[in-house]
Amino acid sequence: MEGAAEDPLAMALREELGEAIESARILGGDLTLQIRRETIAEVCAALKSKHGFTYLVDLCGVDFPGREPRFEVVYHLCSPAANRRVRLKVAAGEGEAAAAVPSVTGVWRAANWPEREVWDLYGVRFDGHPDLTRILLWEGFNGHPLRKDFPVEGIDTGAAAATVKVGGSGGGEA
Amino acid sequence: MSDPLLQRGEEIELGFGPRHPAIRGVLRLSLRVDGDRIVDCRPVIGHVHRGVEKLFELQPHADNLSHTDRLDFGSAAAANLAYAGAVEKLLGIVVPPRARYLRTILAELQRIASHLLWLGTHAADLGAMPPFFAAFGERDGVLELCERYLEDYFESDNESEAGQEAGARLRLDGIRPGGLSHDLPAGWAERCREFVESFPARLNGFAGPLTENRLWKKRTVGLGVLSPEVAVDLGVTGPALRASGFAWDLRKALPYEAYGEVDFDVPVGRNGDTYDRYLVRVEEMRQANRIVAQCLDRLPDGPVLAEPSVLEAKVEGETYHGIEGPRGEIGFYLVGDGTANPYRCHFRAPSFAHLQALPELCRGELVGDLVALIGTLDVALEEADR
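Those protein sequences? They're chains A and B, same order as listed. Per the numbering used here, the first sequence runs over residues 1 to 174. Per the numbering used here, the second sequence runs over residues 1 to 386.
Pulled out of the complex, with its shape left as it was, chain A reads as follows:
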C-alpha cells in the first residue's frame, strides 16, 4: 500500500531478511509487516539489535474464524532512540497439530506474560517459551474465552470446585 514501499526501514529489512517479510503496509499510521511464522524470532532479534527496537510495547492475539490459519499474533515494537514504531504480524493455526509460533521471550523478556496471555485467551502455542501456562485464568480452565466462538455468557468452567480446592486462588498454579 501507499507509503510502505518507500519506507526506509521496510526497504532495509527486505534487504536483510528477504523472504521472511511477506508484505509491508502502512496501517493506522504504523508500518505493518506480515512475517513468516518460522522466522519471527529472528526478525525480532534483528530489529532489536540492528534497528534499536529495544522496547516491546505490546503483544496480543486476534481471532479470524473464517481464515486459514485462524489466528493472528500482533507485535507492537518501539525504538525509543529513533522514536518510531512498527507492527509485526504472524498467522497462527489452531490446536495441537498447528505449528507453534516461535517465542520472542529470548529477544525481550517483556514478551513472557503477553505470550502466556495469548495462549490463555486464544490457545495459540509458543515454541521455546520458558513457562507457557495460563495467566489470567486458572490451570484446568476449559476453553479460550477471547475466541469468537466462545459464548459471552460463559460456560460451566468448574470454577466453584476450583475455588474450594485451591483456597481462594483463581490465578492458576504457582
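A portion of the hints provided could be inaccurate.
To be verified - DSS-like mimics (lysine-lysine), calculated; alpha carbons at most 30 Å apart, straight line:
(1) B:K314 x A:K89
(2) B:K252 x A:K89
(3) B:K252 x A:K148
(4) A:K89 x A:K50
(5) A:K48 x B:K252
(6) A:K50 x B:K252
(7) B:K314 x A:K148
(8) B:K314 x A:K48
By construction, these hints were calculated from the structure, which means they are not laboratory data.
Using the hints, position chain B against chain A.
Just chain B, lined up with the frame of chain A:
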C-alpha cells in the same frame, strides 16, 4: 547469627496475598525465601479478571468508554484518552482545540490524583502515616474538581449530590471520541486555578519532610534497583522507567492533546531505586500542576465536540494509540471490521508489565521490603487482570 529469621541455607516457600493490606487489589505472590531473603518471586494474577476485552467487542465505540473508566480506579482519564484517541485515529477525527486543552487539564489533574494515591499508600506501607492523611486530603480536592465538572451535565436539583450520584469522583465520564461531552461548568476554571496556585506549597509541606527523612531514605535508597536496560527489556514505562535515568515520556516523544503546546520538564532519576522513583513521581506532580496552569491560561474558545457526532460511526481498519498514563504507557490496539463495534480491542496495561518486572526487583531483597517494592512499581490490579 543468633536471629533465627536470618539463618541461611534452607529455602522455604512463602505465600503472600491474595488479600494483603499493602495491596490495593488482589495479588498473590508465591515466594521462595532463604531466611529473610527473597530468592524468587512468582506473581499469580487474574483474580479480578472480568473478560473486559470480550465486553469491548459487544458495544459501540462510544459506549465502550465506560469500560475504560473502570480499568484503573486511580486515573480513569488516561484510559479514556487512550481509547478515544485510538477511535479518533481510525476515523480521522480532528478534536477541537478547546477540547484538547480541557482533556489535557483533566488528564493532568488525574495524574496528580493518581500520584497522590500512590504517595499516600506507599508512605503508609512503610510506616509513615502523616503523608497518607495529607495526600488523601489533597487528592480529595482533585476528585472534587472532577466531580464538579460533571455536575452541570446531570442538571440535578441537588447540586452537591449530582456528581456523587454519577460516581464521577473516580470515573470522569466526560471524554468522548471527538472531544468532550460538555464544556466547563460556570466557575470551574476559577476553582481549578485556586487549587493549582496553592497545590505546590502544600505538596512541599508534606512531601518535603519525607524527602529528607532519614528513616524514609533508609527504607528506600538502594532498594529494588532497576537499570535502564533491564527496565526497557521488561517493558517498564512511565515514572518507574524515568527513575532509572531513561528520559522517555510519550507526552514529549509523540505529543498528543495539547502537550506539544505547553512547557514542562520530564524529571529523571539516577539510580533507579525506590527513592528515585519516589522523587520522580513527586516532581511529576509539580510538572502536572504547571501544565494545568498553562492550559487554563491559554484555554481557547470554541466547541468541545467535533461535528458530526461519531457516536454511531462504523469503524474500519486498525490502529494502536498509546499515551503517557500516570503509571506508564497505556495504549489501545483497535481493529474495526466496518461495524459500529470494535472487532478486537486490546489494551496495553502498564501494570501488567510492571508486575512482570516485580521478580526482578525482589530477588535478593528482604521479605520485609516486599511491600515497598510492590508499592514503588505503582500497579493497579484491575488493569493488569483485564
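Query raised in the report: Looking back at the numbered hints, which does the structure fail to meet, lowest number first?
Result: Hint check: 3 and 8 fail, others pass.
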